[in-house]
Amino acid sequence: MTKADIVERIYEKVGFSKKEATDVVESIFEIIKAHLERGEKIKISGFGNFVLNTKRPRKGRNPQTGEEIVISGRRVLSFKPSPVLKKAINPL
Amino acid sequence: MTKRDLIEEVAQQYPRFSRRDAEVIVNAVFDSMTDALAKGERIEIRGFGSFIVKQRPSREGRNPRTGTVVSVAAKKVPLFKVGKELRLRVDDQPTDAEGLAVEDETADDEDETEEDASMRRGVSG
Numbered sequence: 119m120t121k122a123d124i125v126e127r128i129y130e131k132v133g134f135s136k137k138e139a140t141d142v143v144e145s146i147f148e149i150i151k152a153h154l155e156r157g158e159k160i161k162i163s164g165f166g167n168f169v170l171n172t173k174r175p176r177k178g179r180n181p182q183t184g185e186e187i188v189i190s191g192r193r194v195l196s197f198k199p200s201p202v203l204k205k206a207i208n209p210l
Numbered sequence: 768m769t770k771r772d773l774i775e776e777v778a779q780q781y782p783r784f785s786r787r788d789a790e791v792i793v794n795a796v797f798d799s800m801t802d803a804l805a806k807g808e809r810i811e812i813r814g815f816g817s818f819i820v821k822q823r824p825s826r827e828g829r830n831p832r833t834g835t836v837v838s839v840a841a842k843k844v845p846l847f848k849v850g851k852e853l854r855l856r857v858d859d860q861p862t863d864a865e866g867l868a869v870e871d872e873t874a875d876d877e878d879e880t881e882e883d884a885s886m887r888r889g890v891s892g
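Chain order of the listed sequences is S and Z. Just so you know, we're using this note's numbering here: the first sequence kicks off at 119 and counts up by one. Just so you know, we're using this note's numbering here: the second sequence kicks off at 768 and counts up by one.
None of these hints come from the bench; they were simulated from the model. There's no promise every hint is true.
Restraint ranges, calculated between C-beta atoms of paired labels, are given here [said to hold, decoys possible]:
{"hint": "1", "chain 1": "Z", "residue 1": "T769", "chain 2": "S", "residue 2": "K177", "range": "36 to 44 angstroms"}
{"hint": "2", "chain 1": "S", "residue 1": "E144", "chain 2": "Z", "residue 2": "V837", "range": "42 to 50 angstroms"}
{"hint": "3", "chain 1": "S", "residue 1": "A122", "chain 2": "Z", "residue 2": "G828", "range": "37 to 45 angstroms"}
{"hint": "4", "chain 1": "Z", "residue 1": "L846", "chain 2": "S", "residue 2": "K173", "range": "13 to 21 angstroms"}
{"hint": "5", "chain 1": "Z", "residue 1": "L846", "chain 2": "S", "residue 2": "I187", "range": "21 to 29 angstroms"}
Keep in mind the model is a prediction, meaning the values are calculated, not measured. Even glycine gets a Cβ: it sits at the ideal position worked out from N, Cα and C.
Could you build the full structure based on these sequences and the hints that come with them?
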């Protein structure tokens, strides 16, 4: 599934033009990205949470050369699926 | 930000949609993603990331309170992999292609499927 399939679904369901449906789907992901960029957590009930974690710098190794390197501190994004989503994927 | 805030922001950005329209649209986005994952489909949203469903085998677990061994059934779990653009944006990195080549040790491509990744690992390793 890609963005185009999501657009198709919106288009069928709501009946706006394809152009409008495309724009709004694009906007939804852009709004989410902008908030994550500002360090905010995103909670979509029934789907899951997108949370940011701050990693401290740590030592690593280049697996090809064995050379020791410092992996810089960074902020990473992770997804925590909601129990509703987990259930949808694992029907009883 | 919650789903409600997201709906609110969509409604503000599109004055021609009612708040109800915005709600229907936002719900349709996540419902269609849930349906795709329930069917075991992979989702790829350019610039955002991809979702895959992975099978986890059954295993022996322990009740942490009593220490008794319990069997944990096999299950499928949804996994999210952040896309390159968003990964750099949340980490305050420049999103231009120049800046990332140096530090990018994973060298991933959003187009890359699991098969591609394992093939690449097979070739290089």
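**Asked** Quick one: are S/E144 and Z/V837 within 42 to 50 angstroms, going by C-beta?
**Response** 46 angstroms, holds
**Message:** Within 21 to 29 angstroms: is that where the Cβ-Cβ distance between Z/L846 and S/I187 falls?
**Reply:** At 27 angstroms between Cβs, range holds.
**Asked** Is it true that the C-beta distance of S/A122 to Z/G828 lies inside 37 to 45 angstroms, as the hint says?
**Response** The hint (37 to 45 angstroms, Cβ to Cβ) holds, given that S/A122 and Z/G828 are roughly 41 angstroms apart.
**Asked** That 36 to 44 angstroms hint for Z/T769 and S/K177 (C-beta), does it hold up?
**Response** 38 angstroms, holds
**Request:** Take a look at whether the Cβ-Cβ distance between Z/L846 and S/K173 falls inside 13 to 21 angstroms.
**Result:** With Cβ atoms ~19 angstroms apart, the hint holds.
Comparing the model with each numbered hint stated earlier shows that all of them hold.
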